[in-house]
Amino acid sequence: MQKKRLANLKEAAIRAFFFTCGVLAILALVGIFVTLITTAFPAFKEINIGQFLSGKTWDPTSPEKAEYGILSMIVSTLLVTGGALAIAVPIGIGVAAYLSDVAHWRVREVVKPIVEILAAIPSVVIGFLGMVLFAPAISKIFHIGHGLTALNGSLLLAVMALPTIISISEDSLNAVPAAYSEASLALGASRWQTLVRVKVPAALSGIIAASMLGMGRAIGETMTVLMATGNSRTFPHLPQAFLESVRTMTANIAIELGEVPYYTTHYYALFAIGLVLFIMTFVVNLVADVVLNKYQEREQ
Amino acid sequence: MKKSTSKNIRQMFGFLALRICLYLVLAVVLLFLYDIGRKGGGSISWAFLSQAPRRGMTEGGIFPAIFGTFIVTMITAVLSIPLGMCAAIYLNEYAKQTRLTRIIRLSIRNLSGVPSIVYGLFGVILFVNILHFGTSLLSAGLTLGLMTLPWTITASEEALKTIPNSYREGALALGATKWQSIRTNVLPYAVPGMLTGTVLGLARAAGETAPIMFTGAAFFLPMLPKSLEDQFMALPYHLYIMATQHHAILQVRPLAYGTALVLIVLVLGMNMTAVIIRYRLRRKQR
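Chains E and G supply the protein sequences, listed in that same order.
Its first residue numbered 1, the first sequence is counted upward by one per residue in our numbering.
Its first residue numbered 1, the second sequence is counted upward by one per residue in our numbering.
So that you can see chain E by itself, here it is in the shape it has in the complex (with noise of 0.2 Å):
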């Protein structure tokens, strides 16, 4: 009796030990949040937030007056992320049907392996290849002095993008029920056809989620930016902004936070912008989990 009793303490105890580990990930993301708002809560006592967030002049060490306006950074981060999602999509919507659709399986055996070294390739050395093969390519054919670029950024980000872009679309492309295309095809339509109106339609949930999975992850991208868009910090206006050098979120983080002295307004204003970045990417992977699991209730 006494023994079972004994066993069952212990069953309880590595029950609980186990629940401690899964329970840390909450923890995780909200030690995060906390961290961000509280370090980033002082700076708000000599900065007023609405000039914080739709100020267009970021210059905290000017000897007259400090300005912490983040509205270029914003900007350039959606530029720059808008430009990677316009050719990432469309292409990574290409191979995904290619693969899925048109591809012998013995192609599909060798593509994707490699679309996965594309995933497997680190931020800093795609950031590099930027500067070293993309940025003079821009640079000679739009005739500017250099090409560190919101464009150049675009297309790297978007070649970041494209792994999770392509697998995540070939899934759910995969995962629409053969009824459909067969209906399709047995009515007269070709497999163009049954590919362009039946199955991507079909398939746009996941589609949509992966495209989402991708903005989440250029946003927040830091490397690849800060080392190929030259960082200048003048606003940028369209359409020519995507020949200028612009500097994002993430990349004013890393270039000030090594120089800025500890607990003074400019160090807790980084901070706050690590805030706006978090939220930022926070609901955007928020809505693409909200779509997918959608897609997967309804395949179920």
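One or more hints might be untrue.
In silico DSSO-like links for lysine-lysine, alpha-carbon gap of 30 Å or less [what the hints assert, rightly or not]:
#1 E:10 with G:161
#2 G:284 with G:178
#3 G:161 with G:284
#4 G:96 with E:3
Sample of chain G residues with no beta-carbon within 10 Å of chain E, all distances over it, derived [what the hints assert, rightly or not]:
#5 41
#6 115
#7 172
#8 188
#9 283
Rather than coming from a laboratory, the hints here were simulated on the basis of the structure.
For each residue, glycine too, the CB sits at the ideal point set by N, CA and C.
Chain E is already provided as a structure; the job is to place chain G on it using the hints.
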């Protein structure tokens, strides 16, 4: 008849467009690998791999950076693997479909979407400042460990899912407790799969720069780190420095290419090892 030929032509062009998308992606991958392999290959020598940088990092090798990346990845593994495995065991073996479980899963998915530089900011506050680890190997390793945690959990859970329920039920039917059934009938078969998934996460951590920039990686150090509280040089950060921050960027470009090649070989090598082990495992399981 005429209509059907125009349909066929459209299909031909459509499929051609898709094929072009594929060739574009393949061309980019091959261009990347070719460029780094060709220009980086020239700088690789035994001296490059085994010596420290000399003369303001314009000569010499990258051994301290290789060493630093190796140690920091070990610390990452020590934090991330046990925690990740235990969390996965809870989720797959113990957790019921409750609201709390859903929140845990949602947190894990969101953690994997948090930008790496935000992990860096968190590491600066928690490990460097609050816990007083300073900018050190320990702080950087723990920051990376936290970042890889969601990947480790997901990979470990995938491995646990492949173990058939009959294994668990067999043990339970013989009177084993829950933990006994997990320990004897689930883990021995799941651990290899868990580890391979984890190695993929570690490979990604080894190539990360943003989380270690402010938590421990150093521009240049005259000697190797002696304890976990020392700063260290790391391959990805060294590449960043050589590519953008060095006083003679064009002169050290071959060294930057060499560093990039070593980093890529390291990361892809870890990936390849994991994939090969997983392939062998799958064949053995069948």
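Inset, instruction - Over 10 Å to the closest beta carbon of chain E is the bar; see if residue 188 of chain G clears it. - result: 17 Å, holds
Legend entry - Minimum Cβ-Cβ distance from residue 41 of chain G to chain E exceeds 10 Å: 15 Å, holds
Legend entry - Given pair status - residue 178 of chain G, residue 284 of chain G, alpha carbons within 30 Å: Given that 30 Å is the threshold and the Cα spacing comes to 27 Å, the pair holds.
Legend entry - Pair hint residue 10 of chain E and residue 161 of chain G, alpha-carbon separation not exceeding 30 Å: Holds - the C-alpha atoms of residue 161 of chain G and residue 10 of chain E are around 25 Å apart, at most 30 Å.
Legend entry - Distance restraint between residue 161 of chain G and residue 284 of chain G, which requires alpha-carbon spacing of 30 Å or less: 17 Å, holds
Legend entry - Assertion that residue 283 of chain G lies outside the chain E interface [Cβ separation over 10 Å]: Nearest chain E Cβ is 16 Å from residue 283 of chain G, so the label holds.
Legend entry - residue 96 of chain G paired with residue 3 of chain E [C-alpha distance capped at 30 Å]: It holds: about 28 Å lies between the C-alpha atoms, which stays within 30 Å.
Legend entry - No chain E beta carbon within 10 Å of residue 172 of chain G's: 12 Å, holds
Inset, instruction - Quick one: work out the minimum CB distance from residue 115 of chain G to chain E and report holds if it exceeds 10 Å, violated otherwise. - result: Residue 115 of chain G not clear of chain E: closest Cβ-Cβ about 3 Å, inside 10 Å.
Hint violations for this structure: number 6 only, all remaining hints satisfied.
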